[in-house]
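*Asks:* Sequence:
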Amino acid sequence: MERITKKNKKAKKKDKLKKNIKIVVGITCWSHLYEATESALYHLTSSPYVIGRVKSQGALVYEARNDIIKNAMEQFPDMTHLLFVDSDMTFNVDNLNYLAESGKDIISGVACKRVYPFTPCYHSDEPNHDDLIKQLQKPIKEQKPFEVNGTGMAFTLIDKKVLIKKHWNTDNLWFFPSKDKDGTPQGEDYSFCRMAKEQGYKIWVHPSCVVGHQTEYIVTLRDWIYAKEQMEK
Numbered sequence: 014m015e016r017i018t019k020k021n022k023k024a025k026k027k028d029k030l031k032k033n034i035k036i037v038v039g040i041t042c043w044s045h046l047y048e049a050t051e052s053a054l055y056h057l058t059s060s061p062y063v064i065g066r067v068k069s070q071g072a073l074v075y076e077a078r079n080d081i082i083k084n085a086m087e088q089f090p091d092m093t094h095l096l097f098v099d100s101d102m103t104f105n106v107d108n109l110n111y112l113a114e115s116g117k118d119i120i121s122g123v124a125c126k127r128v129y130p131f132t133p134c135y136h137s138d139e140p141n142h143d144d145l146i147k148q149l150q151k152p153i154k155e156q157k158p159f160e161v162n163g164t165g166m167a168f169t170l171i172d173k174k175v176l177i178k179k180h181w182n183t184d185n186l187w188f189f190p191s192k193d194k195d196g197t198p199q200g201e202d203y204s205f206c207r208m209a210k211e212q213g214y215k216i217w218v219h220p221s222c223v224v225g226h227q228t229e230y231i232v233t234l235r236d237w238i239y240a241k242e243q244m245e246k
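For the sequence shown, counting from 1, position 116 maps to 129 in my numbering; every step adds exactly one.
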């Protein structure tokens with residue numbers, strides 16, 4: 014009976030979480046949206062979590078991300094989360110659901126770089142991505158998010174509370190390139206993760222949320238696993 018009670022409480026908590034989620038999709042776009050990305054975005058409208066979308070276009074991706082946050086907050090004051098989507102990604106509604114129902118403040122899907130060896134786009138203390146491999150060996154229903162040091166923003170969900178201005182040093186500058194402690198240049202995505210961690214937030218990746226990265230074809234985890242196997246021979 015005790016187990017049933019705990020299970021019911023967990024289910025009620027999850028149901029409450031679902032009812033309160035209101036996601037705005039923020040699309041960064043340099044020149045154009047890939048056709049497959051536009052199609053995937055269209056299908057996201059079937060999600061009960063999505064209440065709108067905003068797009069920002071330009072060569073400086075950090076300016077686009079800052080514009081998206083500012084416009085999303087102004088246009089959708091009841092927004093609870095912002096989902097960043099890059100203009101060359103492929104995904105489905107289930108990918109969004111995995112992130113939305115995780116309850117994490119900053120959580121990304123698994124995207125891989127478009128060039129060999131197609132490395133997953135996140136940084137962790139596991140240089141060989143053992144954390145990811147362990148999760149992928151489990152059935153999808155048993156796969157759990159794991160914590161990382163930083164992640165790209167190609168398909169990343171951020172709780173609105175993380176974006177409240179009191180957390181940041183300058184107005185409307187959530188994203189900007191910087192340098193790490195060693196002086197190594199950091200892109201705007203990893204700089205954002207570093208500063209968020211300084212505010213006490215954790216960065217997560219969900220192994221069940223595998224998204225595609227478009228080049229001449231769509232790069233996924235399958236390509237990385239193949240490249241990894243070839244390099245280990």
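If you're looking for bench data, these hints aren't it; they were derived computationally from the structure. Treat the hints with caution; some may be incorrect.
[What the hints assert, rightly or not] Cut-off 20 Å, straight-line C-alpha distance, at most; resulting in silico cross-link-like pairs (PhoX-like, lysine-lysine):
hint : residue 1 : residue 2
1    : Lys241    : Lys126
2    : Lys117    : Lys68
3    : Lys178    : Lys194
4    : Lys246    : Lys157
[Unchecked claim] Per label pair, the in silico range of CB-to-CB distance:
hint : residue 1 : residue 2 : range
5    : Glu87     : Ser59     : 33 to 39 Å
6    : Pro140    : Pro90     : 38 to 44 Å
7    : Pro190    : Glu160    : 35 to 41 Å
8    : Gln150    : Met244    : 33 to 39 Å
9    : His56     : Asp195    : 31 to 37 Å
10   : Ser59     : Gly213    : 33 to 39 Å
11   : Glu51     : Lys174    : 28 to 34 Å
12   : Pro190    : Glu51     : 24 to 30 Å
13   : Tyr55     : Val128    : 24 to 30 Å
14   : Leu149    : Pro90     : 19 to 25 Å
All residues carry an ideal CB built from backbone N, CA and C; glycine is no exception.
*Asks:* Lying within 19 to 25 Å: is that true of the beta-carbon distance Leu149 to Pro90?
*Replies:* Hint violated: Cβ distance 39 Å, outside 19 to 25 Å.
*Asks:* CB of Tyr55 to CB of Val128, is that within 24 to 30 Å?
*Replies:* holds (28 Å)
*Asks:* Measuring from beta carbon to beta carbon, are His56 and Asp195 in 31 to 37 Å?
*Replies:* violated (42 Å)
*Asks:* Against the range 24 to 30 Å, how does the distance between the Cβ atoms of Pro190 and Glu51 compare: consistent or not?
*Replies:* Because 28 Å falls inside the window, the suggested range holds.
*Asks:* Given the hinted pair Lys246 and Lys157, is their Cα-Cα distance within 20 Å?
*Replies:* The given pair, whose Cα atoms are some 30 Å apart, is violated under the 20 Å limit.
*Asks:* Given the hint of 33 to 39 Å, is the C-beta distance from Ser59 to Gly213 inside that range or not?
*Replies:* holds (35 Å)
*Asks:* Note whether the CB distance of Pro140 and Pro90 lies within 38 to 44 Å or breaks it.
*Replies:* At 42 Å between Cβs, range holds.
*Asks:* Lying within 33 to 39 Å: is that true of the beta-carbon distance Glu87 to Ser59?
*Replies:* violated (26 Å)
*Asks:* Given the hint that Lys117 pairs with Lys68, test it: the Cα-Cα distance must not exceed 20 Å.
*Replies:* violated (24 Å)
*Asks:* Using the Cβ atoms, figure out if Gln150 sits within 33 to 39 Å of Met244.
*Replies:* Violated, at about 19 Å.
*Asks:* Is it true that the C-beta distance of Pro190 to Glu160 lies inside 35 to 41 Å, as the hint says?
*Replies:* violated (24 Å)
*Asks:* Given the proposed pairing of Lys178 with Lys194, does the C-alpha separation stay at or below 20 Å?
*Replies:* violated (24 Å)
The structure is inconsistent with the numbered hints 2, 3, 4, 5, 7, 8, 9, 14, although it conforms to all the rest.
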